[in-house]
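Following the hints, complete the assembly by docking chain F with the ligands onto the known chain B.
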Amino acid sequence: MFGIKADWSLDIQERYFTIDDYEGNEARWCDGCGDHAVLATAHRILRDAQLPPEKSVFISGIGCSSRMPHYMATYGLHGTHGRALPLACGVKSRRPELDVWVATGDGDCFSIGAGHWIHAVRYNMDMTILIFDNQIYGLTKKQTSPTSPIDLKTNTHPEGSFLDALNPLTVTLGITNASFVAQVIDWNPPLLYETLKAAHEHKGTSFVRIIQRCPVFVDGITKELQNDSSKLLLLKHHDGIPVAAGLERLFPESREHDPSDMTTALDIARDETTKGIIPVGLLYKNEDIPCYSDLSALGHDITDEDKIAATNKALDAFAI
Amino acid sequence: MEPQVIQEHIVEIVSDSGEGAQKCGQTFGNIGAKLGNGVWTVEIIPAEIQPPARTPSGASGIRIRLGSTKVTNVGNEGDLVVAFNEQVLYSRIANGAFKEGTIVLLDNRWASDPSTEIQKMYADAVVEFRQHGLVVHELSIHEACLKVVKDPRKGKNMFVLGMLCRIYNRDQDMGRNEIALTFKGKAEKIISSNQELFDAGYKFAADELSEYFFDIPPQEKSDDRPMVVTNGNTAIGLGVMASGMELVSMYPITPATSASHYLADVFPACGGFVHQAEDEIAAIAFAIGSSYAGKTACTITSGPGMALKTESIGLAVMAEIPLVIVNVQRGGPSTGLPTKIEQGDLLSTLYGEPGDAPKIILAAATIPECFSLVVLARQLAESFRTPVVVLTDANLATGVQPWDRPDLNRDMLAPPLDQSEWDKSVPAYDWDDKTGLSQRPIPGMPNGEYVLTGLSHTKFSKVSYEAEDNQKSTAHRSRKLATLQSTLTPPKIHGESSGDLLVIGWGSTIGAIEEAVDDLRKKGEKISTIHLRFLSPLEPGLGEIFSNFKKVMTIEVNYSDDPDAPMITPENRRYAQLASILRIQTLVDVDCWSVVYGHPLQPAIIEEVLQQRLTKVKSDNSAEEE
Ligand SMILES: Cc1ncc(C[n+]2csc(CCOP(=O)(O)OP(=O)(O)O)c2C)c(N)n1
Ligand SMILES: [Mg+2]
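Protein sequences appear in the order of chains B and F.
Heads up: the first sequence begins at 1 in the numbering used here, then just goes up one per residue.
Heads up: the second sequence begins at 1001 in the numbering used here, then just goes up one per residue.
Worth flagging that the hints you see were computed from the coordinates, not collected in a lab.
Beta carbons: idealized from backbone N, C-alpha and C, even for Gly.
Relax, there's no trap hidden among the hints.
EDC-like cross-link-like pairs, simulated, lysine to aspartate or glutamate; straight-line CA separation at most 16 Å:
#1 K1462(F) x E26(B)
#2 K1034(F) x D316(B)
#3 K1424(F) x D21(B)
#4 K313(B) x D1265(F)
#5 K1616(F) x D1500(F)
#6 K275(B) x E253(B)
#7 K1184(F) x D316(B)
#8 K1150(F) x E1196(F)
#9 K1034(F) x D1215(F)
#10 K313(B) x D1407(F)
#11 K1203(F) x E1143(F)
#12 K1099(F) x D1079(F)
Computed spacing ranges between beta-carbons, pair by pair:
#13 I277(B) x G1018(F): 57 to 65 Å
#14 I1049(F) x E253(B): 52 to 60 Å
#15 D306(B) x G1101(F): 54 to 62 Å
#16 P1490(F) x L139(B): 45 to 53 Å
#17 T176(B) x N1470(F): 42 to 50 Å
Next up, chain B with everything else stripped away, as it sits in the complex (with noise of 0.2 Å):
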């Protein structure tokens, strides 16, 4: 078992991979949670991908949205509150083949990891950002989130909560290196399907955040999404998130949005989101920005023979 196999990677090619290869604990939220879709979709997008199960690795926080590598049978890291992100960036730095998603929360990312955040769309790296977006804190029972609406009723603030939420998306798409920005809804699944594909398939970090039910806590939000889909834009091009003839029947509002067109994607994120309005789709796309994982694993296969006789020429600046 510990020691080198040299044909391992042979055996693999041959293997064939079902939705079961990548089902690992039966999941835990409450039905009618949105989190079950994301799961259903990243099982199906690993599948269709054929990717071995041991190059995967899911990398989450603390919520209920980050119990999700525990539903994966890849390799997890369930890590702590907002850390998810620098987790994830350390596995991707001297391992740059594994294949790394991330599975986040609104208080996650957005408040105690904002930092992160941050320093994570700018670093770029390759990987896939999944920010399961309730607009609550869910596994604390129902305290208010950053992206939460103002006066929402919550358990920390009683009679409504005091700020308006913050703009998720503005704010990324202001970040210095966003190369992947996509909103979508977790109860639409050929478009959940077709979004995750995109930005798992995009070199770089993806960011990609998913208005998520949560009926426990916060039913209200999301089913006037649901019941009213003209509170939803559809941003179409033949450079964005590819939408079937019929899904597209589902979207009475939509528009073209050429996803390389930043000062378009931020007045889009800004003005729509000022009207209520909650556009999904590929807001912005850039292949051309260096990933840091290129740099930060640079050096990861040098041999020891190298190793040693580097060490021995830094000594040699000290001998005496």
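Here is chain F with the ligands on its own, set in the frame of chain B:
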């Protein structure tokens, strides 16, 4: 004229910040080391980057102790000091840095300063210094430099280096070569101008100070092992490289940062990478990510950064992730004394996390140990599947000393990344019931898939809040420390194995404590000392060793209540940090003496304290016998 042969001297160079006294002293120390002297240097650092000029609090500089034998600490009062202005000397006098007869070579430019106020300050100071018994020489150093360069503020330091090389009979060409090395990579003009200043200083001392002409012969070496000369932080960097670790993830903090500066320069040649994270929490999380993925990483920090890392250290303990954490301690709590010396983080390192968080803690006592303990830490981290903390301090960080060049070998390096198939029947935490040890699957290993979690978990890494699961996994993590202790040997006793007083130390105080103890032994006292490197687990056999001494005490650089202070009773007295642990672990009434002055402990002060304790032990004892 023949130089006067002396066994050792302590030299200080003190100036305003930015005048290059430290560079001068380091170069002077390097020359001494290359000539075979024992050397120890300590920087004198003002707390601010740009303190006001000509103020006692702005004193910036360096102390160099040179000897014909191995030098292990900063020593007591200085023998010779070069001062660029008179004000900075006040703080050194207040710190007890000088004695009657200390030679002061003072730049006299202030005597003719345009400001009459400064003229008066200068004149008053010289009178005062002489009253203190200092032998003050007022020298036209600034004026002599003006003959070579337009702005002596830049370059005076190399003039002073020239003076010192002449006074201590160092070869002039060697000095010139050392300057070329110090300024390596700089323009030829800069090197030659500094060499010119050096030559001028050399001649100046020969002409003006011919009465001071000393020689400190090289140490006799028992073998001719090659040596290197570095400070402790560079040694940490070299240790990281020799250990085969590939990643240092850090956030800048004094006095730890220079280790990462050094690595940033040389690490890429070893295939390594220094990640400057957005904060200390991210720095350790990043390192944990890398370690989890099979590349054991290192994070380097100091007290306030250590505090931020606490929650993540708990994760590494709980999830059994190998990780090396270096804490170059400074004065605390809070921002504390950023540039000063303290051994104040032992208890927070041991007990900082919520719940039970056993981890390995090592403390480097010397500069070469900054190297070897980092190498050992990586090995222990992987063998015991745990974070390992290496404690050093500001004294080791900036102190420069020659040490035996390490023989690098493959055993020091991390094993290659294992990607072989994991046996599916083996759980992710296959705890051995006796030792608590287990091997870990690494991402990429087929069939090893598991989810690492900071939640309480079973051996399959499944989240579990069951009573028995938590009890058992906590016990297994704790057992690993007992397992490690079973492989250790008792500490070596410096001195006889029984006597009146046993002194226990840890960290950078070893040289000063042993020097004090040796002095007392020469005076016939029955005193010995031990110095601990393993603080968690403790080295074995302590109770047995203690039982052979009438009294046991620690000497530490952290806070403890003075037993004679107001309000202090035996029931509320707070002990120094190692003393506290030893009391718990051995049930021996271990006493302590500790201070938080922020400077390295001088052997003479320790000796005075120990002498008092010895007197007390002996009188208590004879009272008992009566
Ligand atoms: C340092 C720390 N602070 C607080 C908590 C408690 N806590 C756990 S999850 C959570 C908020 C989770 O909200 P979110 O990230 O939105 O995830 P959700 O449960 O909604 O999926 C909090 C405050 C913790 N585990 N650790
Ligand atoms: Mg939430």
